[in-house]
Amino acid sequence: MTPAPIPPDDEQRLKALRELLILDTPPEERFDRVVRFAAQEFEMPIVLVSLVDAKRQWFKASVGMDACESDRESSFCGHAIAQPQLFVVEDALLDERFHDNPFVAGAPNVRFYAGAPLQLPDGAIVGTLCMIDCRPRALDAVDQAIFASLRDLVVSELVSQEVVQ
Amino acid sequence: MAVIHAPRPLPVHAPVPATPVAPPIELLLIEPQFLLRRTVAAVARDMRLANPKEITTIEQAAALLCLHAFDALFLSLDEESAALELMMRVRSGDTRCAPDVPIAVTAAACSTELALRLKELDVRRLILRPFKVKGVLDAIAALRQPQPESHKPA
Chain Z
1 MTPAPIPPDD EQRLKALREL LILDTPPEER FDRVVRFAAQ EFEMPIVLVS
51 LVDAKRQWFK ASVGMDACES DRESSFCGHA IAQPQLFVVE DALLDERFHD
101 NPFVAGAPNV RFYAGAPLQL PDGAIVGTLC MIDCRPRALD AVDQAIFASL
151 RDLVVSELVS QEVVQ
Chain W
1001 MAVIHAPRPL PVHAPVPATP VAPPIELLLI EPQFLLRRTV AAVARDMRLA
1051 NPKEITTIEQ AAALLCLHAF DALFLSLDEE SAALELMMRV RSGDTRCAPD
1101 VPIAVTAAAC STELALRLKE LDVRRLILRP FKVKGVLDAI AALRQPQPES
1151 HKPA
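So the protein lines, in turn, are chains Z and W.
Residue numbers for the first sequence follow this note's numbering, so the first one is 1 and each next one is one higher.
Residue numbers for the second sequence follow this note's numbering, so the first one is 1001 and each next one is one higher.
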């Protein structure tokens, strides 16, 4: 397994994340409805709004996942936030970075992962809107556009919360 | 009038073009559900299918259609009687739109009576819930195409 990389700007990234005052807050309908919508649109068993903290990823909203957090090192989202583009692993078993990842070898038996980085206006990438399936998948250009649009809505909600508070 | 029953995949005869050659159309999008409306509008704009004007009610649409013309209308039949009345006004030339402006609609269900009414109103597409954003984009792409003579009402 390739551990999730730590971006060079991680300190500033974590500062931006903490300034959102959103970590460990209760579920909110404005995020929950996005993950429900994505799960239905893409027929994905697991959809998350994942925020990548220093040592963990914490889920602000989720469909299909009981846990509220997991470790950063073995997270797919930890890889996705290392760059601003959509991060897709079509079949984790065929990917040398992930084939022996504990989330692939064991529950939830990830095969497909798509993570859209949540980039704030100041450039900080605080997490992802991500989708997971236990079978190999691919996203076509229209799927990617729809997914990116939903990601933009999550970012808008994060930013609007930031302004209000 | 084509009817799409989601969640079946996009029909192969009318795929959403990834990079359409024609310029985007001016689309009036009347849809009360925020996430659906916003996602459809954003993706249609990104793909240069349409420049959607987003509104949530038939009342707002009626007011807007008195002021502006659009190349196509896409509306929810949640307010069924008001929506049918508005489409009748459009077809009568009682708005700024061309009377033959292409129209697509979404509905929770469709009775025989409603289907006949939509056919009379020359509605090109009916999409039944539950549907996907992809199905709506496919319908918007179809609104860009000229309607075959054989499909026009007598």
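Keep in mind the hints are simulated off the structure, nothing from the lab.
Keep in mind that this is a model prediction, so the values were computed, not measured.
Do not take every clue at face value.
As the list claims (entries may be wrong) - SDA-like cross-link-like pairs, simulated, lysine to any residue; straight-line CA separation at most 25 Å:
hint	chain 1	residue 1	chain 2	residue 2
1	W	K1053	Z	P45
2	W	K1053	Z	D100
3	W	K1119	W	A1109
4	W	K1053	Z	M65
5	W	K1053	W	R1124
6	W	K1053	Z	R33
Unchecked claim - Simulated restraints on C-beta separations:
hint	chain 1	residue 1	chain 2	residue 2	range
7	Z	D9	W	R1089	33 to 41 Å
8	Z	D140	W	C1066	35 to 43 Å
9	W	A1108	Z	P26	30 to 38 Å
Claimed, not checked - Partial pick of chain Z residues on the chain W-facing surface, computed with a CB cut under 7 Å:
hint	residue
10	P3
11	I6
12	D10
13	F37
14	I146
15	S149
Heads up, the beta-carbon is just placed ideally off N, CA and C, and yes, glycines get one too.
Cross-check of the supplied hints:
no.	hint	result
1	K1053/W to P45/Z	33 Å, violated
2	K1053/W to D100/Z	48 Å, violated
3	K1119/W to A1109/W	15 Å, holds
4	K1053/W to M65/Z	37 Å, violated
5	K1053/W to R1124/W	20 Å, holds
6	K1053/W to R33/Z	23 Å, holds
7	D9/Z to R1089/W: 33 to 41 Å	56 Å, violated
8	D140/Z to C1066/W: 35 to 43 Å	40 Å, holds
9	A1108/W to P26/Z: 30 to 38 Å	32 Å, holds
10	P3	34 Å, violated
11	I6	32 Å, violated
12	D10	30 Å, violated
13	F37	5 Å, holds
14	I146	5 Å, holds
15	S149	4 Å, holds
Checked against the numbered hints given earlier, this structure breaks hints 1, 2, 4, 7, 10, 11 and 12; the rest are met.
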